[in-house]
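Peer 1: Sequence:
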Amino acid sequence: MNEIAKCGNSSQHKTAVYCTTIVRFFGSTYVVPWILVQSNLVVWVLQALSNAFLPVHRADAFRTLTGAPRSAADAAIRASLVGFSRWDSQHLLHVALYGYTFETNLPFFPFVPCSVRIIAFFLRPLMTPILSDYTILLLIFVIINHAAFVLAGCALYRLTVNVFRDEQLAQVSVVLFAINPASIFFRSCYTESMYSCFTFLALCFLTQPDRPSFLRASLFFALASCTRSNGLLNILYVSSAYALNLLKPLYSSSRHTSVRGILCFVSRDYVQVLRIVLMYICSTLVIVMGLLAFQFYAYRLFCCDCTDSSKEMISTDIFALALAKNYTLPCATEKPKWCSFRLPFSYSYVQSVHWDVGFLKYWRWRKIPLFLLSLPIIMLIYLTFKLFFNSNRILCMMLIPSLLHLLILAVVGIFFINVEVTTRLIFSSCPVVYWFCASLFFQQRVKVDLLQGKQRSIFECLKKLWESNTCGRMVLLYYIIYGSVGSVVHSAFYPWT
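Numbering (my numbering), first residue to last: 16 to 512.
You may find that some hints are simply not true.
As the list claims (entries may be wrong) - Distance condition first, Cα-Cα at most 30 Å in a straight line; then the derived BS3-like pairs of lysine-lysine:
| # | residue 1 | residue 2 |
| --- | --- | --- |
| 1 | K382 | K401 |
| 2 | K401 | K478 |
| 3 | K340 | K401 |
| 4 | K401 | K350 |
| 5 | K350 | K326 |
| 6 | K382 | K340 |
| 7 | K326 | K352 |
| 8 | K382 | K352 |
| 9 | K376 | K352 |
| 10 | K401 | K376 |
| 11 | K352 | K340 |
| 12 | K376 | K350 |
| 13 | K350 | K340 |
| 14 | K326 | K340 |
Unchecked claim - So the derived label-pair ranges between C-beta atoms look like this:
| # | residue 1 | residue 2 | range |
| --- | --- | --- | --- |
| 15 | V71 | K401 | 39 to 45 Å |
| 16 | E475 | S324 | 53 to 59 Å |
| 17 | F430 | S472 | 37 to 43 Å |
| 18 | L307 | W378 | 14 to 20 Å |
| 19 | A339 | S228 | 49 to 55 Å |
| 20 | V368 | L293 | 39 to 45 Å |
| 21 | F431 | D225 | 35 to 41 Å |
| 22 | I415 | L141 | 48 to 54 Å |
| 23 | L390 | I415 | 23 to 29 Å |
| 24 | S324 | G82 | 19 to 25 Å |
| 25 | A74 | L390 | 55 to 61 Å |
| 26 | A94 | K382 | 31 to 37 Å |
| 27 | L262 | S330 | 56 to 62 Å |
Simulated from the structure, these hints should not be mistaken for laboratory data. Small disclaimer: the values here were computed from a predicted structure and weren't measured. Glycine included, each C-beta is placed from N, C-alpha and C at the ideal position.
Produce the complete structure using the sequences and hints provided.
Peer 2: Shown next, in the form of structure tokens:
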């Protein structure tokens, strides 16, 4: 009986620990996910109104084969979610529906569309009589991204508390994340939500105050690198975490951190040093492996002899679309140029040929409006560096990986890729931008407790933030105007970020 009682007490204790962990992650009274859900609803309303009242722009962009709706319910779902299926969403929906049938699909990494396809495989028998395959995938894609956005916001909340030990800063950061200028891309059939979710969760595990979990962080970073190509840059976070773990005994001891002291430490504790180095190599390989595996798959698909599985991908409709648009198919007689490269990576070649990606290739006079569109995020990046390097230096040392990550993405966005992508690239990858913007609301040491008392709506939170100071109001104006206009314009198939 005593043993049973002990087991019961142990089980209750574990349950209590799990519940406490969940509450700590989501924030007090679960207001954090509720605010994020409300923001999802607002963006859905904006895209629905856009498609109801704005004429759809006939953009010269890739469009997948959707097929005809099977029922009135099918048509209604498509109409209510069509704003979430614009631009690059068409590539990802195409991959989920047909696979990588065209060379132009290769820059879009497989984790999200393949996950959607797997879920659709199990749900299709229940939905097929009413919904077409395209509508099933569209619905699943949107639901997954909305859920991932909520989880990413909760992870940002916990990450901010881990780094700054400041609940108020975490609250403001989450509200800003909920209304960020790239809001429409987090809800559309893009990869931003899932990427942010994996990246922020990984950073949460790296910054745990009691004991960082390098293994879990590496696994989530690996998922991020299978979601977007810039996930490789997360190696910066892993490298800095392992470096700090390696040097911690030196700083905790009374010895000076001179070259001689470091050599003495390595010679004395070489087993520990070797263990950390091996763990770092394994973590790096885990993060890189997804990208290498996908590039190998692309090479086998487009550069090797045509297989039966490749032929099965190419239906009559797919072949007709390839002929009409001059798309390169896997079983083409003439292989793509990148197949003959010493490193036959499809990603950089396809991006360069089809999207003008390369050093200063996007710097054209006709692109000036797009540079102006990206000017706010460029100014925000500059001000972020200015603030953090003029403030607490110890805190800045902790944030060096985040700032270096931000700097690299900014340089890539301005000088190498389509500059209008910089906004969503930064807001989906760099929590430090949210921290900088949130800190502006505390310039006059005003207490900003958004989640105190009863559950608040996102509009009440924004109203309270508006009452803070002038800098805070300028940030809110940028977030709200840019995010709202972007949601409306993008949903009508007009070029945005």
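Peer 1: Would you list, in rising numerical order, the hints stated earlier that this structure does not obey?
Peer 2: 3, 4, 18 and 25
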